[in-house]
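Residue numbers (our numbering), protein chains in the order written: chain A, 10 to 452; chain B, 13 to 234; chain C, 448 to 671; chain D, 118 to 309; chain E, 279 to 618; chain F, 39 to 321.
By construction, these hints were calculated from the structure, which means they are not laboratory data. It should be emphasised that the depicted structure is a prediction, and the values quoted were computed from it without experimental measurement. Just so it is clear, CB atoms sit at the ideal spot from N, CA and C, and this is done for glycine as well. Please note that the accuracy of each hint is not assured.
Claimed, not checked - For each label pair, taking beta carbons as the anchor points, the in silico distance ranges come out as: (1) E446/A / N108/F: 20 to 30 angstroms; (2) R501/E / D198/F: 48 to 58 angstroms; (3) A496/E / S240/D: 17 to 27 angstroms; (4) W645/C / L411/A: 43 to 53 angstroms; (5) N108/F / A496/E: 25 to 35 angstroms; (6) V305/E / E29/A: 42 to 52 angstroms; (7) T53/A / R501/E: 12 to 22 angstroms; (8) D25/A / A496/E: 43 to 53 angstroms; (9) R106/F / T53/A: 30 to 40 angstroms; (10) L411/A / A496/E: 34 to 44 angstroms.
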Amino acid sequence: MSTGALRSFAHGVHPDEHKEQTAHLPLERMPFVQRYVLPLSQHTGAPCRPVVAAGDAVHRGQVVGAPVGFVSTTLHSPVTGRVAAIASRRHPNGSMAECLEIEADPWSTQQLEPAAPIDFRALSLDEFIEQVQRAGLVGLGGAAFPSHVKYKLPEGRRCERLLINGCECEPYLTCDHRTMVERPEAVVRGAEMVATMLGARETVLGVELNKPDGMDALNCFIPDGAPMRVMSLRVKYPQGAEKMLIKAIFGVEVPAGKLPIDVGIVVNNVGSMAALADWFVSGRPLIERPVTVAGPGVERPSNLIVPVGTPVRDVLRHCGIRHETRQVIMGGPMMGMPLASLDVPVLKGTSGILAFTEDVIDHRTEYACLKCGRCLEACSNFLNPARLARLARAGRWDELELSYVMDCMECGACTYACPSGVPVVHLIRAAKTAIRERKAGQG
Amino acid sequence: MNGDVELTVSVGQREPSPFRMIATLGIAAMLSGLVLATVFQVTKPLIDANKARELRLGVFRVVPGSAGLRKLVLRDGGLVAVAEDEVVTAPAVHAAYDESGTFLGWAISGDGPGFQDTIEVLYGYDPQTRRVTGMHILASRETPGLGDKIYKDEAFVANFGALAIEPSIVVVKDGRDEGNEVDAITGATISSQAVVRIINEANARWLPVLPAEPPPFTGESD
Amino acid sequence: MADALQPTEAYDEFVKGIWKENPVFVQVLGMCPMLAVTNTAVNALAMGAATAFVLLGSSLLVSLFRKLIPRQVRISTYIIIIATFVTVADFTLEATVPRVHRELGAFISLIVVNCLILGRQEAFASRHPTRIALADAAGMALGFALALFCLGATREVLGSGSLFGISLFGERFEPWVIMVLPPGGFLMLGFILLFFNWWQQRTLRQRRAGPAMAGIGDAGEAAS
Amino acid sequence: MNDLFWIFISAMVINNFTLYYFLGLCPFFGVSGQLKTAFRLGLATIFVMLITSLCASFLNAFVLPYAPYLKLIAFIVVIASTVQFVEMLIRKLSPALFRALGIFLPLITTNCAILFLALTQTSRDYTLLQGICFALGAGGGFTLALVLLAGLRQEAGLARVPEIVKGTALNMIIAGLLSLAFMGFAGLFSST
Amino acid sequence: MTRQEPHLLLQAAPFLRRGLTTPRLMVEVLLLLAPVILAAVWFFGLSAILVLTAATAGAVVTEWALTPAHPRGASLADGSAVLTGLILGLCLPPGIALWMAFLGGVVAIGLGKLVFGGLGENLFNPALVGRAFLQAAFPTAITTWSQQGSITEFATVRPSNWALPLMQAPPVDGVSTATPLGLMKFEGVPTPLADLVLGNTAGSLGETCGLLIVVCGAIMAVRRIFDWRIPVAILLAVVVFSGLVWALDREGSPSPQFMLGSGGLLFGAVYMATDPVTSPVTPRGAWIFGIGVGLLVVLIRVWGGLPEGVMYAILLMNAATPLIDRISQPRGFGRGRPAA
Amino acid sequence: MTTTLLAIAIMTGLGVFFGIGLAIAHRFLRVEEDPRLEMLEEMLPGSNCGACGEPGCRGFAEGLIEGRLNPSGCTVAAPADIESIAAFLGVDPGRQEKRVARLHCAGGMSSARQIAEYEGYGTCRAAHLVGGGGKGCVWGCLGLADCMVVCDFDAIRMNDERLPVVDIDKCTACEDCVKACPRDLFDIMPVAHQLVVQCKALLEGDEALAVCQVACDGCGKCAQDAAPGLIRMESTLPVVDYSAGGPASPDATRRCPTGAIQWVDKNQFAKPAFVPLTGVHLD
Ligand SMILES: Cc1cc2nc3c(=O)[nH]c(=O)nc-3n(C[C@H](O)[C@H](O)[C@H](O)COP(=O)(O)O)c2cc1C
Ligand SMILES: Cc1cc2nc3c(=O)[nH]c(=O)nc-3n(C[C@H](O)[C@H](O)[C@H](O)COP(=O)(O)O)c2cc1C
Ligand SMILES: Cc1cc2nc3c(=O)[nH]c(=O)nc-3n(C[C@H](O)[C@H](O)[C@H](O)COP(=O)(O)O)c2cc1C
Ligand SMILES: Cc1cc2nc3c(=O)[nH]c(=O)nc-3n(C[C@H](O)[C@H](O)[C@H](O)CO)c2cc1C
Ligand code: SF4
Ligand code: SF4
Ligand code: SF4
Ligand code: SF4
Ligand code: FES
């Protein structure tokens, strides 16, 4: 059971949650559309390599991309149909990337070939990791980090504890919430599998206090006596960031530049756990995911299960898009990316699609930084965002590094809190790319 | 700009002999010494005259009616008369005389912290009446318009015309009525206090050593 | 080399110090005396004159003997030369205008270490024939004196309401005491430099915006 | 107040060499771009000022009474040479110390604050001890002003300063405001 | 590709923002300054209104004239120029010549703010730059304090207000008086605490009524308009340090409660030291800054040449702010060691 | 007379004493170091004024050797000295062939399509991170002048099309712009290499033309028209390889349907209108 005390981490912000629009809406299936675009790079790490050619027929769940190296994962076709092209297509991040374009077969029933459940207990850890890679699983919490890489514990490290991240601290988003409410058994089963395979002695599900039904549902499915508990947390952003969550729950600070596993913890998103359970129980690879579609520009806000690769345009059309819409965001409003074009696909890491109209768009007038310190009080990473922003504007790369700019997780809390409308995190992000390029250039 | 440059540097130039270096320096220094000594000798009389005139003017202000001076320095616990241009490091006072050679009083100088930097004060003291007979600021960096009134403000300087020194001089802010009071300059109380304190301190230092019998006037300092 | 010099070259060297390479406004050298003694115009001029004397004298000597002085001891030698001139100036002022000498105080002696003077010896006099060196020294000295005077005059006018001790605005003028205090020195020089920058940018912009745009950075244009 | 203490405080804040007497402005503006350098320069200045004060006391006692007109030249030559010896010595003995501090020595020896220190100490007839306090105060005050200016300049370096103010004009204005702020110390300990 | 749809708007994340903006911040401070202004008018009559107007006009005109932004004077909209003008006005004596107040406003904005690049970039508190400039330029005028008028004299303007530009005020005898601090320092006369708290003393326009300032300050602290640590640290440091001095020398030095109530300490601590731009950003820095101000105030008041040291204390600590910021950098998550 | 003699004696004494002292010290307290350091120190004025921001002339010399500083940073040295120092340091532009920065994009405001509107911090790098800055071509120039700002030599100006124009007379091939451009559009090329492909879009045919009128549509005509081997198609773009064939001539550009490959004579693109140095970044 959850411990009573309201735990959290230091600093952070509390934006309006805006979750009421969709929190009560059950997950629905997004109908199939004509055309799917599958970028070969949907995850952190090396893009996968296409194993089909233009013109090939593919069926739903079929492997169409194979991993290249270990930090890379498998890509499956979300529909039965035909590979129309392998070419450059727009990627949500604003670039153009190599994609598989798949035309759905309008006559297909789009049934997934049933597969026999896999008994994970019979697998060794390496076999388990191979299965996870084969399922194309990536973290659904946002970074889309290939899950199997996480389970490959570095030499000399042990996983003591498994932490399941059910915070969903981004405003508007409710897909994790719905997953917990509607599929608690899958979440718990997935967590059990990972905990067992990694040998974790304890599993904690961290959930923010604004999702009591989610906590209840999870609690119902936790087997009695299992070393697994749900812990409730004060509502605060960015609680979902893994290091903050670890701090909130275990009181441990993961040293800068280190990974959670360095303190014996593995963090996974609730959705990732459900997806993992799906593969082992029913053989469904990661070909679809829950996505919250919300915002004032959407006529019928929904929580949808969307096949990966569905163009955003179709998702919005399905939910109805108001023509006052001026801005479309993929992901949450704090860390998500704005879309330049609606002709980009939903990715494995897409947790939400938000459509904003002019009246909620914040055209910030920028004033010079007042050095008021509000960003410092927002930054849960204990950085000095004001200074970083000023240094970034001046292009002082060396000083930036000395001020730990590379520690910034780009959560945007500072920018949210800034009264002067300084685009703090944007400046930081730009500086980080410049610094990385400089390093790459030197190295 | 390009044609007329004589580049004396050529990279990796050989070192000149140390002898040449020393000789150059030596000759330059010698010539310099020659020039300096000459100029010094030419200007010294003028400078000395200037200094003497200034001193006389100052003393004339603080000891009204004075026409001649003698310099005395503190040596072995007592005051000894010395020639005006003798270079001394010991503290000195001047005895002031009128035209007929009658002793009028002492001209004493003192310094101490003012509002900004050190203030140097020259004041006259008449041992007969045991009063200060006048005050003159030799150097100060007090604020123009405020602190500089300690010498620009006639009324303030007039305070020191016949100022009793016992038990000690005090600064007041609302008009003087005792003989030992100095009316502070409005807006420059600190500087006023500083002047008074400097005089008090100098009194404490000098009065005990001043000889009862001043040295006779020799008339040499004119 | 020296024989080929045109008379205009000496003139150019002279003129550049006054404006284009003004030691104060452009090169920002010798600021200590610059600020310390410019609370009145008279002090500024006296300081300017003393500096000019030292600069001319030492430039003359240095350029005369430039071939005889070994490089290793050149700085020491220059300093001895400069210090000699400064002491001469110091004594002369003390003997002739004791009041001014007292106001300038130690700053006359500090001319020795004025970076402007040593800098000129090193950068110019030690490698140019006497005539050119003198022209340069005269230009620099004039430029320096000019800058001192600008500063001294503004500070005196605002700070005391007078110029050369002559009251300008009548009895009831409220002097801006700050101008004769140290902060006023810094601020006033800051303002003059600011004005200089503004002026330069304005002319630059005018030149750029005009039809002569093709000539940006043309050496020919700037040299006129 | 205690005489020595006042000499120290006065030279440090009330009559700060840089902000009140405009001394040592070349390094003050030249080397205040970076905080670390500024601090080191300040330390080196304190050191040189100490040496200067000792040299001046020595000269005043043994040489200048005989040839007062050599004051200036003697100060310069003796101070510069002594510092140069020390510099060479440090460079030989402790390269690390040289890198940190010694490298600044030549920059300071030929500057006006040092000479002014010697001249003032002479004209005020300071004793050896008073001279040392004076030197420590003056050096400390220079360091204080320098470090403050360096901090302010680094901050201003990140500000959107108008093009026409940038550079020396801005430094002058900052120094002016700093000097204005230091006026608050005027009269300190003089009335007690 | 065929349909022409309106362009989407690309902005950088985050897309949400807390409601508080800079102009609102300034407006809130202005609102909480209003009671102090009213008190000034109550105590000093029409003169107060004139002086405040002149100072504010100087500030606003300068901001308007010297900012090159495209709609000229656009930067006035953030309200900080008005705030600077008013705060400057509130720390001037009621009898100051209006042209001086105006000049103060000009200097505050021109020299104190715009040369550094405008709002947010200045290194020293602009209002204090203006006042320090006036104090150094016209030391007599700015230390000439006039008595509070009674209600009946509300509309009587002090004649010195009307001095012609660049000219001295006509000398008036008998009107000028001394502030509690001046009385204490130069004559050893303390002022009763009640007068200090209620504002029944001579002094600058805004500084006399301690009670009101404390109340407004408390409201601002609660509303998180400024960093509460700064005023708290200042007042604590003053009390502790002056208490120590007082304990050692009860005769010669003022009591801590006198220190707190007199002069511009409260006004400075609440409205001026808290200027976010010129005070440290970090919480630890705020403590250091506040303690520094407090110590300097006591130092100058007790041992300095000037009766009042708040202005210089704040300016000096403004100068030290970059250094304080540097030594009080936050430590960095998972590092336990502050950044360089 | 005695005064004069005394003066001469003291001064000579001092001069000789310190002359000897320094000479001895010079000999015995010598420290081995980069020989260039001493030479540079000698070439510098030695007035140790600190105006350069370094701890004296020696510090400046070290900075020069480390490549941190530029000889012109010394305000005291005469221009001729600065030249000779520069020459000594081996910053010798005369020997090499002249190289300049060339831009691989010609998609200015009137030819490249914008698909979304960017609002925010106005640098290319920042815009690039936000949905690609809204430019239809994700390879193309964003026109927010990061390169202009970074160029220390004032060699870059933005033209009316918001394309950077490199003034080849001023460009020193320092590569700063190459590093600054988030889209990697600059290359340092010899001026003699006059064939410049002004496009980096990996698109073909209509897809290319849909985002930009002057894009390379990958037709390959330039490769056919050029001397054999000089131009080869890599993916959809022509690559000019001077080592692989030649001679280069303007013929290769004649049939290019979009003008994506150009024979560049001096500067690329039209002369820029005057854009004040500030203002671009202040939005
Ligand atoms: C190069 C790299 C290696 C990683 N290795 C591991 C790992 O060995 N074990 C692990 O648990 N997580 C590993 N991670 C994943 C991170 O802990 C983290 O979950 C991931 O970066 C996404 O985090 P985010 O969503 O908070 O940004 C690695 C991440 C990166 C970038
Ligand atoms: C600022 C920030 C906020 C995050 N918020 C969440 C969140 O609300 N829920 C979540 O599951 N992951 C969140 N993440 C990602 C987690 O850090 C972590 O990568 C994830 O929980 C790992 O699980 P996964 O690999 O299964 O996605 C956030 C990351 C960052 C940097
Ligand atoms: C810029 C400035 C300069 C001042 N200069 C002096 C000064 O030189 N001498 C002095 O005694 N007071 C000076 N004061 C005033 C003193 O601080 C103090 O207010 C005054 O001595 C009190 O005198 P009162 O009691 O007559 O008003 C100055 C004040 C300021 C603001
Ligand atoms: C709490 C607070 C206090 C302020 N105090 C001052 C002040 O004392 N003087 C001033 O000129 N501006 C003040 N301002 C306004 C603004 O911050 C100031 O003008 C900036 O320094 C201008 O860049 C204040 C603003 C706030 C929010
Ligand atoms: S974006 Fe970076 S600097 Fe800003 S609050 Fe988050 S971690 Fe801190
Ligand atoms: S919150 Fe904004 S204004 Fe305040 S310090 Fe941070 S960046 Fe500056
Ligand atoms: S930096 Fe790159 S994208 Fe930006 S203007 Fe220059 S060439 Fe274009
Ligand atoms: S940054 Fe360098 S390479 Fe680029 S244009 Fe300027 S000088 Fe040339
Ligand atoms: S002139 Fe004073 S340090 Fe250079």
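Status of the hints after comparison with the structure:
no., hint, verdict
1, E446/A / N108/F: 20 to 30 angstroms, "holds (24 angstroms)"
2, R501/E / D198/F: 48 to 58 angstroms, "holds (50 angstroms)"
3, A496/E / S240/D: 17 to 27 angstroms, "violated (56 angstroms)"
4, W645/C / L411/A: 43 to 53 angstroms, "violated (36 angstroms)"
5, N108/F / A496/E: 25 to 35 angstroms, "violated (56 angstroms)"
6, V305/E / E29/A: 42 to 52 angstroms, "violated (31 angstroms)"
7, T53/A / R501/E: 12 to 22 angstroms, "violated (43 angstroms)"
8, D25/A / A496/E: 43 to 53 angstroms, "violated (28 angstroms)"
9, R106/F / T53/A: 30 to 40 angstroms, "holds (37 angstroms)"
10, L411/A / A496/E: 34 to 44 angstroms, "holds (39 angstroms)"
Comparing the model with each earlier hint shows violations of hints 3, 4, 5, 6, 7, 8; every other hint is respected.
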